[in-house]
Structures are given as structure tokens and as C-alpha cells.
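> Heads up: the protein sequence lines correspond to chains A and B, in order. Going by this note's numbering, the first sequence opens with residue 234, and the numbers climb by one from there. Going by this note's numbering, the second sequence opens with residue 52, and the numbers climb by one from there.
Hints are not guaranteed to be accurate.
Listed next, with one range per pair, are the computed distances between beta-carbon atoms [claimed, not checked]:
no.	chain 1	residue 1	chain 2	residue 2	range
1	B	177	A	320	38 to 46 angstroms
2	B	275	A	238	32 to 40 angstroms
3	B	353	A	292	47 to 55 angstroms
4	A	411	B	271	41 to 49 angstroms
5	A	327	B	271	47 to 55 angstroms
Only some residues are given here: those of chain B computed to face chain A with a beta carbon under 7 angstroms [claimed, not checked]:
no.	residue
6	90
7	324
8	372
9	374
Heads up, simulated BS3-like pairs for lysine-lysine below, C-alpha to C-alpha not over 27 angstroms straight-line [said to hold, decoys possible]:
no.	chain 1	residue 1	chain 2	residue 2
10	A	537	A	299
11	A	328	B	61
12	B	248	B	61
13	B	397	A	537
14	B	180	A	328
15	B	395	B	61
16	A	458	A	362
17	B	248	B	180
18	B	397	B	248
What the hints contain is simulated information worked out from the structure, not anything from laboratory work. The structure displayed is predicted, hence computed values, not measured ones. In this text, a Cβ means the ideal position worked out from N, Cα and C, and glycines have one as well.
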Amino acid sequence: MGFFIEATIGGLMSGMLYALVALGFVLIFKASGVFNFAQGAMVLFAALAMARFAEWIPQYSGLENKLLVNVLAFVGAMGVMIASAWLIERLVLGKLVNQEGITLLMATLGITYFLDGFGQTVFGSDIYKIDVGMPKEPIFLFEKVFEGGVLVGQEDLVAALVAAALVGVLAAFFQYTGTGRALRAVADDHQAAQSIGIPLNRIWVIVWAVAGFVALVAGIIWGSKLGVQFSLSLVAMKALPVVILGGLTSVPGAIIGGLIIGVGEKLSEVFIGPFFGGGIEIWFAYVLALIFLLVRPQGLFGEKIIDRV
Amino acid sequence: MLYRENGQFKTTYRTDQQIFPIAQDRYLVLALVAAAFLVVPFVASEYLFRAILIPFLILSLAAIGLNILVGYCGQISLGTGGFMAVGAYMAYNFFVRIEGMPVVPAILLGGLCATVVGVLFGIPSLRIKGMYLAVATLAAQFFTDWAFLRIKWFTNDSSSGSVSVSGLSMLGWTIETPADKYLFCLGFVVVFALLAKNLVRSHIGREWMAMRDMDVAASVIGIRPVYAKLTAFAVSSFIVGVAGGLWGFVYLGSWEPAAFSIDRSFQLLFMVIIGGLGSIMGSFFGAAFIVILPIVLDQLPGWLGIPLDTALTSHLTFMIFGALIVFFLIAEPHGLARLWSVGKEKMRLWPFPH
């Protein structure tokens, strides 16, 4: 039993991490109808920027205070992400208004290639460390309830808390600020939003910047877990089933979807995997999402897709 | 002046419905095919065959297959690499396990296996649409990647996980030199391109296009969505599977699952989009563009005499590739095939545009 709970909790934690990346997809799809394949590349790019800034700032300015350096690096990386959001809107999406979904998808794939190459040209292509002081040692929980307790990585715990906090902040931002309201209006209906004077282009820059922010947070958490390297951009592949399971247009869906996929993946790997020779978590999430989609084609919390003739 | 259809009157339905109704087009294509069969094998260098012509032919075949699904039937698929893998591995199994199995039937049987898998993964398309479907087709990609890596039966229990094929021959013709391989692929490509072109002109092709343009309206006028979508998946994955078989047998010779990874799926989708959705001709343009571009980008610093180290070159290649993709999508979202037809329109009036 303790083992089962341990696996479940582990799954929930990694589910939160997937949800963090999935959030970026949902934000952009909701506001602009673009399925942003570049989210994974953005995670890598942001993490690279963060890692390198944290390395360069002490080198050139002699700052020693680690907290200050990390904060400065974070601000710097955020600046880079905002700049790239602006550039993407300016140079790519602004010129592709009214194109079909698949063209936009391909454009974000182009952005993916560009960001991958650009990030590694500017920031280098070795493995870098991000050290924001996350605790590493695993801890035991519920030692009184089960024999041996439940082993939980503190790192995962912190990551899950950060993800939860981020979702809270985003929800508040969407619900209570003027910009958030404008974002929701654009998401509901582009033309109606434009006709009451909401500047679409600025909204898109904001959305991409927010997605960049989410990517940065995800990059820091994943990066301090795995190290900042090229494979970080593959995290997006893990997050895709989460997005379609939860629904492309739903922020809470990304979280719930993440949790379902996380738990399903862990449990299947532990309990079903040995029968198939292991490694099934690569496709299990997709098949799980596919089965859910057969019942609800718009995902668990997505807006109902209505066909009109 | 040269490209003008004046005086070409169609007096029978047959002449009106032929593939290239304009005589100049017909002669041009015939000349191209003849040149490809008769001239190219004698003039092209070995490097040209290996690096450009053979991959170009096989990938255009795969792009034609994908174009049927994405361009004609409107079902976005990111699992093409997976279907190619099915074609390649099953063809390998037929070839190795059955004594005296000729190459061509093995490849075609591999394609049939890909058809079965394609239809299986196409079933969700009856319910899932758009981006949801695109992501769902990734299931096919990751599942096949895993299956050919982990299930030993598919790789004939080879310890390294990679399989290899040698001693290709057809009706006493041993396919050894690059020129032989090129001709072998060319034969497949010509037959399948003709087949695909005729399919999309027939009633079944019109059903696909109706499905693409608006599936609800299509089913209202009596097109069965199940039949239309699944036939598109079947035909598409058959062609893609055959291309996969050729890729493994002829181009690679020995391969492992990484040869058919998700990057291959994206690459093929790029070809289809850049070449032009819903155009057989466009598949060739797209394949040529995507095959040649990285080679040119790779060689460019050397030609210009700028010394760059390899890592930087590969990163720059990524950047330029991405930027060019975006540029092409912005400049001509309908692809190179559209540029071609615009060019032809211009040619009809040239040099007297009034």
C-alpha cells in the first residue's frame, strides 16, 4: 500500500510539472488559436538564458550574493522572453493572421527550429546547471501511517507548490485585472474584442510574454532537476497529451490533465510496464489521452466543439 | 508564347479529362520522366545519387502519401514517421523470414501492414478533429518507436536493435550501384505518383476533398465519413509505408528505429506544407526543397570561404532552416505549387500581357 501511495504521489508531482509546460500551450491557444509547438523550445531557451545569466553576472560584475544574482538572472531571462514574444508577434504571427491552423502550427515549428539554433548559438550547447537553492534530499512522509513511510523528493514537492502557486497567480491575473479581462475577451471572440477597442496585437504580445514567463518557470524547475540541455525541449512532447486530455482551451484542464497523466504514467510504468518490457511511459500518456478523447473529443474541460454548416 | 493552349480543342470527354489537358504540360512531364530514366543515370555522380536524388525520390513518395491525408482529406497527421517505420520493419520481416521472398512484394506487403496500422490509428479521426487529432496521431509515432525498439520479434532478435538488408535484386537485376538504386526508386515513384494523381481525380478523391472542406456538409450530401476518412488513412499509409520500405531497404540499408523518429514526421509535414497542400506536384517541390536546403546550408560556409566550426554550423543551419520555413509560410502560405501555377498563368500571357 505504501508503495502504491508513493507511486501515486510521485505521479502527482510529475503531473504538476507537465501541467506547468501544458499551461503555456493552453494560454497561447486560448488567446490566439495558435497551437504553439515552440513551447518546448521556449522552455529550453528560457532555461538557457537563466543559467547563463546566472553564470555571467558574477563573472562580469563580481556580485557574490546568490539570491541577488538569481533574481537578476531571472529578470534578464524574462526580458529576453518578452523581447522574443514581441519579435514573434511582429515578425511571424502578425503576418499570418487569418491563416489556417495547420499553417500556424508549422510556423511555430519553424520558430522551434530557430529558437533551438539561436539559443545554442548565443548561450552555448553544453549542459548547464541552474542552482536556485532547491532542496534535493528526499524526505519520508506518513511514517506513522505506513511501515517505512512514503518517499517523496523535496525537489518535486517544491516544484509542485510553485506550479500550484503559478496557476493561482495566473487565475487571479485572468480574473481580476483589466488585461486579464481583455485576454479573456480575445479568447472568446477575436472580432468582438477588436470591435470594442481591444488591441489584438498587444494582447498577443502579452500572451506570448506570459507564456514565456510560464516557460521560464518550467525551465528553471525542470532545469534544476535535469540540468539545462537540449533534451529539455522534449519536455513539450510530454506535455502534449496533457493539453489535449485537459482540453486545449482550459487552464484548470491543464492542471487536472497533468495530474491524470502523471499518475497514470507512473502507475502504468510500475504495474503494467513489466509485462511489456518497460519503457511504456513514452506512449502510454498518448494512448490514455486518446481513450479519453474518444469519449470527450474536446478534452475534459475544453469548450464544446460545435459544427455549423 | 510557347505556353499557350490556343488551337487545342477538346472534342471528346477523354481528351477533356486527361491528367494534363494542355499539350505543353504533357510533353514537359513526359520529357522530364524520360530524362530521369534515360539521361540522369548516365550523367549524375555517385554523390548526387546518394545525397540528393535517392532521398529526394523516396521522400517525395512519402510526401505524396502524407499529402493525400493532410492536403486532400484534411486530417493532420504527425505520425508519418511511425507509418514509415511499420512499412520498413514489416517489409524487413517478410524479406528475411520468408525464404526467397522477392524485394518488391516484400516492400508492398510492408506497405499493406502500414495500411492496417494506419486505419487503426485513423479510427479516432471519426470523432476527434483538428489539433486534437494532430496530437492524437503522435500516439502512433511514439507507439511504433517503442514497439520496434522493445519488441525483439520485429528486429529478428538482433542484439543491437538495428536491422540490415543486403542483396537486393529484382527479376535477375541486382540493385547494387547508386544508379540501380535510383532507377528502382524512380520506378516506384512514377507508378505511385500516377496512381495517386488518378485517385485524387476520381470520385474517391472528390469525397476526400469534400470531407476536408466541410465534413458535416459532406455527410449531409451522402458521403460516408467513415468510408472517406478511413480510405484516406489507408491509401496514405500504404504509400507512406512503401516509402518507408524503400527508405530502409534502398537508402539506408541498415537502420534502427531512430531513422523514423518524430523528426521525420515533422520533416514530411514541412514538405507537404511548403510544397503545397492538396497537390501531387507540390509534394515533389516540397521534398526537393527540404532535401536540398540543409545540404546547401551545410556547404555554404565552405563555398564562401568562411571558416566555422561544425557545432556552430549546425546551430546556424537550424536557425536558417527555421527562419526560411517561417518566411515561406508568410510569403506563400499555399506553397511552391501555388507559385508554379501563378508562373504558368503568367507564361500564358507572356510576352504580350494584354
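> Please name the hints from earlier in the document that this structure breaks, with their numbers sorted from lowest to highest.
2, 3, 5, 6, 10, 11 and 13
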